[in-house]
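Since the structure of chain A is provided, determine the placement of chain B on it from the hints.
Sequence lines, in order, name chains A and B. Numbering-wise (our numbering), the first sequence opens with residue 1 and increments by one. Numbering-wise (our numbering), the second sequence opens with residue 1 and increments by one.
FYI, nobody ran anything at the bench for these hints, they're computed from the structure. Backbone N, C-alpha and C fix where the C-beta goes; we use that ideal spot for every residue, glycine too. The reader is advised that the hints may include incorrect statements.
Said to hold, decoys possible - If we take Cβ atoms under 8 Å as the criterion, some of the chain B residues that face chain A in the derived model are:
{"id": "1", "residue": "5"}
{"id": "2", "residue": "11"}
{"id": "3", "residue": "27"}
{"id": "4", "residue": "29"}
{"id": "5", "residue": "44"}
{"id": "6", "residue": "120"}
{"id": "7", "residue": "121"}
{"id": "8", "residue": "233"}
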Amino acid sequence: MVLPALALLILFRYIPMFGLQIAFREFMFNKGMLWSPWVGLKHFRDFFTDPYIAGVLVNTMGISLLKVFLMFPVPIVLALMLNEVRSASFKRVTQTISYFPYFISWVVVALMARSWLSASGGLVNDILVGLGILRKPVLFLGEPNAFWWIALVLEIWKNAGWGSIIYLAAMSGIDPELYEAADMDGARRIRKMVSITIPSILGTVMILFILNIGYMLSGGLYGSNFEQCYLLSNPLNLPRSEILDTYILRIGVSLGRYSYATAVGLLQGVVSFILLLAANTGSKRLTGESFL
Amino acid sequence: MKRRSVGDRVFVATNYLLILVFTILVVYPFLWCVILSFNDGRDAQLGGIYLWPRVFTLENYRFVFSSGDVLTAAKTSIMRTVVGTVGAIFVTSIFAYAASKRDLVFRRAYMLLGLVTMYFGGGLIPYVLVIRMLGLYNSFLVYVIPGLFAMFNALVFMAFFQTIPASLEESAKLDGANDFLIFVRIIVPVAKPVFATIALFVAVGQWNSWFDNMLFVREKSLQTLSFFLTKMVNAQRFVDETMSKFQTGVGRNAVGMTTASLMLATMVVTAFPIIVLYPFLQKHFAKGVMIGSIKG
Numbered sequence: 001m002v003l004p005a006l007a008l009l010i011l012f013r014y015i016p017m018f019g020l021q022i023a024f025r026e027f028m029f030n031k032g033m034l035w036s037p038w039v040g041l042k043h044f045r046d047f048f049t050d051p052y053i054a055g056v057l058v059n060t061m062g063i064s065l066l067k068v069f070l071m072f073p074v075p076i077v078l079a080l081m082l083n084e085v086r087s088a089s090f091k092r093v094t095q096t097i098s099y100f101p102y103f104i105s106w107v108v109v110a111l112m113a114r115s116w117l118s119a120s121g122g123l124v125n126d127i128l129v130g131l132g133i134l135r136k137p138v139l140f141l142g143e144p145n146a147f148w149w150i151a152l153v154l155e156i157w158k159n160a161g162w163g164s165i166i167y168l169a170a171m172s173g174i175d176p177e178l179y180e181a182a183d184m185d186g187a188r189r190i191r192k193m194v195s196i197t198i199p200s201i202l203g204t205v206m207i208l209f210i211l212n213i214g215y216m217l218s219g220g221l222y223g224s225n226f227e228q229c230y231l232l233s234n235p236l237n238l239p240r241s242e243i244l245d246t247y248i249l250r251i252g253v254s255l256g257r258y259s260y261a262t263a264v265g266l267l268q269g270v271v272s273f274i275l276l277l278a279a280n281t282g283s284k285r286l287t288g289e290s291f292l
Numbered sequence: 001m002k003r004r005s006v007g008d009r010v011f012v013a014t015n016y017l018l019i020l021v022f023t024i025l026v027v028y029p030f031l032w033c034v035i036l037s038f039n040d041g042r043d044a045q046l047g048g049i050y051l052w053p054r055v056f057t058l059e060n061y062r063f064v065f066s067s068g069d070v071l072t073a074a075k076t077s078i079m080r081t082v083v084g085t086v087g088a089i090f091v092t093s094i095f096a097y098a099a100s101k102r103d104l105v106f107r108r109a110y111m112l113l114g115l116v117t118m119y120f121g122g123g124l125i126p127y128v129l130v131i132r133m134l135g136l137y138n139s140f141l142v143y144v145i146p147g148l149f150a151m152f153n154a155l156v157f158m159a160f161f162q163t164i165p166a167s168l169e170e171s172a173k174l175d176g177a178n179d180f181l182i183f184v185r186i187i188v189p190v191a192k193p194v195f196a197t198i199a200l201f202v203a204v205g206q207w208n209s210w211f212d213n214m215l216f217v218r219e220k221s222l223q224t225l226s227f228f229l230t231k232m233v234n235a236q237r238f239v240d241e242t243m244s245k246f247q248t249g250v251g252r253n254a255v256g257m258t259t260a261s262l263m264l265a266t267m268v269v270t271a272f273p274i275i276v277l278y279p280f281l282q283k284h285f286a287k288g289v290m291i292g293s294i295k296g
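Chain B extracted, bound-state conformation:
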């Protein structure tokens, strides 16, 4: 690099500073919530906590982890995320693989059928009625089945599959392998990054999803963690009740806890898997999004 003009230097410095400010504004409010979740709830109401808990306590987390509701909900959330993601990847990728073959019979019709759904839909109420009609009400399957296929994800898969040279498959075909075997043995290993990307997005969507739970599932044992959290957000009373039950049930004094501090602890628990897995997966999705955006 040669000499830089004063103007450029000011520009560069301002630029770094502004990005730094933005980054802090993103990360700090989140950290603040985490800090507060480790602080005594009553004390937190006084304010003035910025960088470190003032009255450190693990009570909020003790309460969250000893509440059977949270643990059951976490189990359901893990189940729906695993089953939903594996299923969606399977259904979407085999569709995309078949549809990326030019010689597929009725290929254009299948594509059209899928593309239309990206722009038109029946809206909320007809969807609710169809779910009821299909008997998916109050069943774990309602978390999984409707989300098994999304055209957008199929398009991302297709964009990748089309870049795979045909010669790769032809040699296997000569050895007598059928389409499905070729897909599993040859395509899947080559297309790992796109599988990782879509899996990440589907999994995050599954983990964060609460609306289907609210609409279709009353059964308490099938409650998801995200929905449990919305109930906390919506009804302070709900939390108060749970807390009083806890206090009488276990017979210990929980004076320092407030509904707010408990919500924060539950929030951290809900966000935890994403926080932990995020840095590892981040490099994958950046690549995947590039693939998706080049296509679009």
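So that you can see chain A by itself, here it is in the shape it has in the complex:
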């Protein structure tokens, strides 16, 4: 019964891992992964002299850090708010609606975002010009400096609702007696939230925070950075929208520099893993919560 799964793991997970060795070779199609000439650390040296890499790293980290600081707390706050709702039907309706965008693909969201941000009849420009905040419509997706913020807002729109589900699950495990005892003491709701609810979900918060750090160089906590950057990039915003994953795709698949792109990917993976371990250790020291 385990055989099909094992075969798939070997074919699609372990052979590619084995294929990482082309980062140390000069890959040629006629020689294949095993017999292409060995070049040692050449591609890694190229990495450090690559004139584009600095910008790519800044964007990768910039978008991720923006999300760590401004996206990460949103689902927590949302869950805390939903937890205070007593009306079951109100809760169900709002939850159903707020989870919904998570199931819509980034392709669809990117397409909608183009309409929202369009300079001719776009919702955002329409409202901002209507309110007198902007004098004339702005081509938001053509503004390099707006890109990170667009990525942030779209991420919140798509995934914040869904992100709250895990905290709500943690809150549903809180012993009701704690709240009852607090009621006896005449505690206000905000007091109960601060003294009971928040401490109870701290473990969950820390684990997601660790994961968030671990995914900083790759897809981001919800794995959306690649699709966002790939689908919403254009020649105008490329200086701010090119991240490691899109760069690897471009140099590897489009330009055919297989070995170099593999080396960049390998470095990305190694550094990501170190970040994950570091965040894990840090969290263990500070809060006693760890993931691995």
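Relative to the frame of chain A, chain B by itself:
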């Protein structure tokens, strides 16, 4: 409930209001796109449409549904979703069932083999090369086979299977049923919620997937709907060409359509199955995610 303090009442009211605002901010931009897809494209460029189409038209949808590309792509997407989901559920659940048995030989080795893949991978380029090497290039199978097994889903299955009391299986064993029969007859019916949850996630993933299409499949007849949409997102020119072909081909005047209005209509068509099925499935996955998160 006893008397509530003024502070609590303000708190509760603010809370409801903020949640309401958030919900509207989530749902309205989406509705706006749907409204626009029913509006004349040229007219929509003027802006000012908020709650109802100003120049109502079904032209955008007429165009989408008369375009052979969209229909072929929809067929491919449905195929990959059905085959991919059924296959993945089968492969993943039988692995998880076997691995949830403590007496399975080499159980720890199998688990380790799976768990490692949750943290390490070969990255994009080696994966692309392996797919080529295996001859999956330009084949429908590339949509299905690589996604048949994911360790994370197996763990969710296992968490559920381990809660099933062993006595349930033992009586069947006494009747002489083999492992596979026990699995199909006894385990599957009991574990329906977890099957529904994983199936939903795999199906949504399949329906939304476009990257494998872009990387591995050139064949136009195997194009998926999501990938068709990315081509629209990426190349306005592509849409313009398709539109001009349509206009000369059918010989009718499509003045009111713009690339933007067509993209919105195609977008609504792509998102439609998810919108329709979502409310029915929502209660299942909420349960499933709870199972998953308790384990994690």
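Requested in this report: Mind listing which of the numbered hints don't hold for this structure, in increasing order?
Outcome: none
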